[in-house]
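Participant: Here is what each chain is made of, one letter per residue.
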Amino acid sequence: MVSTNRTRLALAAFPLAFLLVVLVAPALRLLLEGGQVSLLAPLQEAYLRWRLAWSFLQAAVCCVVALGLGLPVAWVLARFDFAGRTLVLRALMLPFVVPTLVAAMGVLALLGPQGLLHSWGGPDLQGGPWLLIYGNLFFNLCLVVRAATEALGQVSASRVAAARTLGATPWRVFVRIEWPAIAPWLASAMCLVFLYCACGFGLALVLGGQEYATVEVEIYTLVAHELQLAQAASLALWMLALTGLVALAYALIERRLAAPARADTIARRRPQGVLQWASLWAALAVLALFCAAPLLAIVWRALAAGAVAWSVLWDAATLAALWNSLRFTVLAVLLATALGLAHALAARKSLLLRTLVFLPFVVSPVMVAFGLLLLYPTWTASFGLLVCAYALLAYPFVAKSIAAGLDSMPVHLAQAARSLGATPWHVFSRVTLPLLRPALRRGMAFAAATAVGEFAVTLFLSRPEWATLTTLVYEYLGRPGATNRDAALVLSCLLMGLALLAFVLIEWAAPPRDRDVLLHA
Amino acid sequence: MKHSIQSLMVAAKLVLLLALGCSAAHAAELRVLTHASFALPKPLLAQFEKEAGVTLRITKAGDAGEMLNKLILTRAKPVADVVFGIDNVLAAKALGAQVLDGVESPPSVKPLGGVNTVTLPAGLVPVDYGYVTLNYDKAWFAKKGLALPRSLDDLTQPAYAKLLVVQNPATSSPGNAFLLATIGAMGEDKAFAWWARMRANGVKVAKGWSEAYYTDFTHSGGSRPLVVSYASSPAAELFYSKNKLTEPPTASLALAGAVFRQVEGVALVKGGKERAAAIKFIEFLRAPAAQQGLQTEMWMFPADATVPRVEALRQAVEPTRHDSPGAQAIADKGAEWVRRWTKVVLK
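Listed in order, the protein sequences are those of chains V and X. So in the numbering used here, spot 87 of the first sequence is number 87, and the numbers just go up one at a time. So in the numbering used here, spot 200 of the second sequence is number 721, and the numbers just go up one at a time.
It is worth saying that the hints were derived from the structure and are not from the lab. Some hints here could point you the wrong way.
As the list claims (entries may be wrong) - For the chain X half of the interface with chain V, some residues (derived, Cβ under 10 Å), not all of them:
| id | residue |
| --- | --- |
| 1 | ALA557 |
| 2 | GLY583 |
| 3 | ILE593 |
| 4 | PRO599 |
| 5 | ASP675 |
| 6 | THR677 |
| 7 | THR692 |
| 8 | LYS728 |
| 9 | SER753 |
| 10 | SER762 |
| 11 | THR827 |
| 12 | ARG830 |
All C-beta atoms in this analysis are idealised placements derived from N, C-alpha and C, irrespective of residue type, glycine included.
Could you put together the complete structure from these sequences and hints?
Facilitator: If you want it as structure tokens, here you go:
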């Protein structure tokens, strides 16, 4: 176990230096360029006040809805065994990797003016806030479900059994035993959902329209198109302050509530009786409606495009983009894993470091992109900077996942190893790391997904020969004509397939219950 | 332990291999900055590299306005040697910010031929041009039996409520061009009065061209049968149609005051390197091969009118008239107009 202060300091130096060079310094450089920043300016203008208020309002609404829908679904997934359960859990990650414009097309195909809902006599939801909220749920509900399922899987079976034998109703068991156990996990998920929705950029850009766009969109407009750096900077600082508070609160909650994982997990059983089967089907229906429907809409439209459209898969441009997506992702995940591991290990006892993990989420990516351009003009469109940018956006996932894994790890195992004479490095490589493997894999899977479907980095100067699948989709969408649109749809399907593959390779590689085996050994 | 060291070595080798896949070439490098829509046939670019003895490093920097802002921000240490895609809307801003090398166009670039001559301020060499104008969904209008609007004023009538989607001029070049056309045709005050009526009549604003065209235009499944696009879009629709249509499913609607001629140019970047190669690149863009190649790659008309139009682009109807405020007025008031537009239409 890494324990000495010096080791922790050395570990912290790596991610902190990285954050400083790739994020803090560029953002500050851009702030300087803007000159006098007036913090009060956004509050004095009704238009900007509404942008700020709406950003947080829609994030809060999404949190509430995601928890309300996600927790029951997660409970069903955690407690019941059914054919295809693992598949459902893996598939939950897919929304994460869908490029935003494609996701938006999926959402519109369902709820837009010529979408299925409208064609079945439902209302046309475009123009209001609903599309953005639905889109946010599409991306974030799965996150809540995954986190809650994971957490529910760690609830102590003996405590639940004891409560049941003492006559507690399932509801009481949930409130008294399950809820306290899963609360930190939910808090972490809620925090992420809030940050994603509040700081979300791509979706708000497309689905928010002009009226329901968020602050991030406003910052993007001000920086990229109007070169109003001072105004953008003041908005960015407001966002940083407000979301920073959320991140801080989260770090506090998580650390307080953290408890070692239980070794005795509750065995899943097949649903019995009408009620249980009904709840299973209801849970699957919720997932289908919010997470699968937009994806299916895209697949359906791609299939409807016909065989000719699919020949785009063999284009030289597609193959080149595929290779780029693959190698950028591999490199970014490797860097993100190193950064995330170091950050999580260093941050075990430091609230500040825990909060800093969120910095890549809460600092406007547009500010960072333009700051990088200003600070390192010779490095623009350089390979190193590109991979760093990918890793910057991906590594908090690794760090978060490992931090959660560390929190729930029993300390006595490491202590036992130490007392038997193992060196700290031995303890780390033989005890801590194997125990962390599930968390590490999960974090890497998230990181890979982020890199594969990366959108914000396209804001950096990018080079044609570095086109990834995502940028290729955008390129096809930049031209009129049916074959271009079809090509974009087909490539979106390929992107989804690729993301699925990443999960298969990373998450399915090891037996899912190896953690329990290790704990019992 | 041994095993893990071995796997570490394998991983290190893999990383090296992946990184090397994109190591920079050693030949002299010509850094070209373009907007996201830049495209030329690959063999042509390869041929240029061979003949000029340089490696092209083409960097795409988003929308043209975004690209120029990046150029302005980095003027102390330019990120490119030559820039393509600054048009007659952005020219004054670029010249004002002094990011271009304000020399006259290289003498080696031959003057434009033909009658329909396009021009750009000194320092920018015109490469292609196109028309931003309204497009409509033929099938939608046929199905509804609605007559096409005959003027911009018609669009403010209840019959045409909620039919048009435009791009935000703050974030989109075609959006800005369309705004300028209305101001050029009606004068500032009348134009903004028209925009206010359009707001009341439910004009929809999209962020950029792809959002407007692919999510809002009825032809792509949206709710608006009228969209601001290019005069060449219907020709591209035909070219990229799936079932090899004989006529485009959309058409341009060149109403008075709704047509803006956009002329795109190439220029040397102030403080850039590789001057000789950069001038060769300018010549290359104006040579017949590139002038022909750009037509179906970028869907613009060649600046050199003596270069024959390719068959696909002949489907595009070239508007007979277009409107624009003067270049100086755009330079002086362009930003203010966008801000005023935001207030009138969005806020």
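Participant: Next, verify each hint and record whether it holds.
Facilitator: Going down the list of hints, with the structure as the test:
no. : hint   : verdict
1   : ALA557 : holds, 7 Å
2   : GLY583 : holds, 7 Å
3   : ILE593 : holds, 7 Å
4   : PRO599 : holds, 7 Å
5   : ASP675 : violated, 22 Å
6   : THR677 : violated, 19 Å
7   : THR692 : holds, 5 Å
8   : LYS728 : holds, 6 Å
9   : SER753 : holds, 9 Å
10  : SER762 : holds, 6 Å
11  : THR827 : violated, 27 Å
12  : ARG830 : violated, 18 Å
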